[in-house]
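Q: Each chain, written out:
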Amino acid sequence: MSKALKGIIKIECKIRVLTGLHIGGSKENVEIGGIDNIVIKVPVLKLDEAIERDVPYIPGSSIKGKMRALLEWVEKPEGSMQVIALENKGEPCNCGRCRVCKLFGAHKNAKTEEPVRLRVEDFYPTEKTIDMWKKFLDGDFVEVKVENTIDRIKGTALHPRHQERVIPFSEFTGFIKIRVHEGDRKELFDTIIRGIQLLEDDYLGGSGSRGYGKVKFIKEKILWTDYRKQPFEEKTVDENEIANIYGA
Amino acid sequence: MLKAYKITYLSPTSPVRSFTIFGAICWSYKLIHGEKKLKEFLSEFKENQKFLISSAFPYVKDKFLFPKPILPIKGDSADFKVKIQRKDYKKARFITLEVLKEVIDGNIRYEEDFVKFKSSSGIIQSENDDLKIEQKRHTQVRNMINRITNASENLFSIESDFKVYDEYFLVYFIDTGFENEFQRLIKLAEEIGFGGKKSIGWGRVEINNLDPEPLKELIDLNADKFITLSPIIPTERINPGESYYDIETFKSYTENTFEEEKLKKKVLYIKEGSVLRKKDTIMSGQLKEVENGIYQYGLEFPIGVKYV
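These protein sequence lines map, in sequence, to chains A and B. Residue numbers for the first sequence follow my numbering, beginning at 1 and rising by one. Residue numbers for the second sequence follow my numbering, beginning at 249 and rising by one.
Treat the hints as calculated values from the structure; they're not laboratory data. Just to be clear, a hint being listed does not mean it is correct.
[As the list claims (entries may be wrong)] Computed far set for chain A versus chain B, every beta-carbon distance over 10 Å:
1) Ala50
2) Glu72
3) Gln197
4) Asp201
5) Gly247
[Claimed, not checked] A short, non-exhaustive set of chain B residues, derived as facing chain A with CB atoms under 7 Å:
6) Gly282
7) Ser408
8) Phe410
9) Leu436
All residues carry an ideal CB built from backbone N, CA and C; glycine is no exception.
Hey, can you work out the whole structure from these sequences and the hints?
A: Right, here's the structure in full:
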């Protein structure tokens, strides 16, 4: 890896949940009559003045994984006419040279030729959202939705199951960070913006084909830290200045 | 000159020890200055250390905690009452500054002597203290989306530890001119994250300066009897017959965020909290080359004691 780091672009985002969001978690104990499908929760969330426990969050891996899967339907491996998803028969790209590999890393580290540029942090609920949950969900943080299958002959409900969901209008906050190395081009930043748009038009988490997981990314601000400077400086930039950062 | 840094954990993370911090600093250095400069930096550092780093330890209710010193046991010569109480103290992992000062002064010279303090939540502390350290195990389900069918594949779950408490680490600048550069390197390390799985949100930390005043008198680079706050890759300068220590072997991969990971050679460490006697006052730890051009940090971070 000979490409020196110029700095880091940080996109501070809010993710607004527009329809019930279910990102599956795991539970240690099976309870009779308990919830079948729980959402993932962080055991402890440190707020300014308090600590909340078992709070739903959006893992960075869920955002990053889904964004990559969607981008692989529009991005092509170097020298190929087909999009990555078809070229790789459903598997993630591992060429190590395309924009997806440069940003997200070559799958299974197979052909690492480039440093990974992207870091997606876990997104945690805002204090306002936690207050809203407490107010509208009787002190709980999630709603429970009951689902079933209809018996086609009798017209009765079969196989009832309980699904936890984060309710609409919940907001989560966090950072998407892109490292800028010497020789990088602005197309890498544009690819992430495209990934965000694709994610907004698709869904996050499970059961998206049934209306779950529609989200909106609200870009609060973009920060640029130039690590070549001593002392380093962090400043707010707008999208028009990104080209200057990449030196395009 | 001593500096203290507080780490606030905002996501699951792996343990942060002196070699983790040193590794993060080296990566920051390489990213900013390039590989050639890093090699020069390490080559110089091997002979003339610019700074020493401690491992990270809990910082609870504005109190610094330290690893419990490894002390000899009185064994059968201890009081029967003390023998009954001994288990709680044996299990404890940390002590407060107040207890540490008693060890430094030689008022506590055997493991059984800790019983004059309270042992609670794995911390040996005074009756007036109510310090607790809380850590939660977090399970995350992982999968891969099949791009064609949209189905989840390769489903598996991973466990991680989420520290509810903050931690601190210390840096002693031998070369005080390096402090500003260190500040820049640590800021970049904070942005990149600490430990494994950083690209998916793990290792998210906030690092802030702390007032090191209460600890300033403790660090003694010239002590021949000391408690180490960092794991040491030993040299023959340590006198094992007059020391009390735990050892571990450690084998790890290099950072894989920026290039293909490599498995480093196994090293032997003397653990934090070991109470050591040196043959002289020269550094008894080392920065060891474990692979061609790859170094493993193993220098001491000494707190001088009066007795061993």
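Q: Provide an ascending list of the numbers of those earlier hints which the structure does not satisfy.
A: 2 and 7
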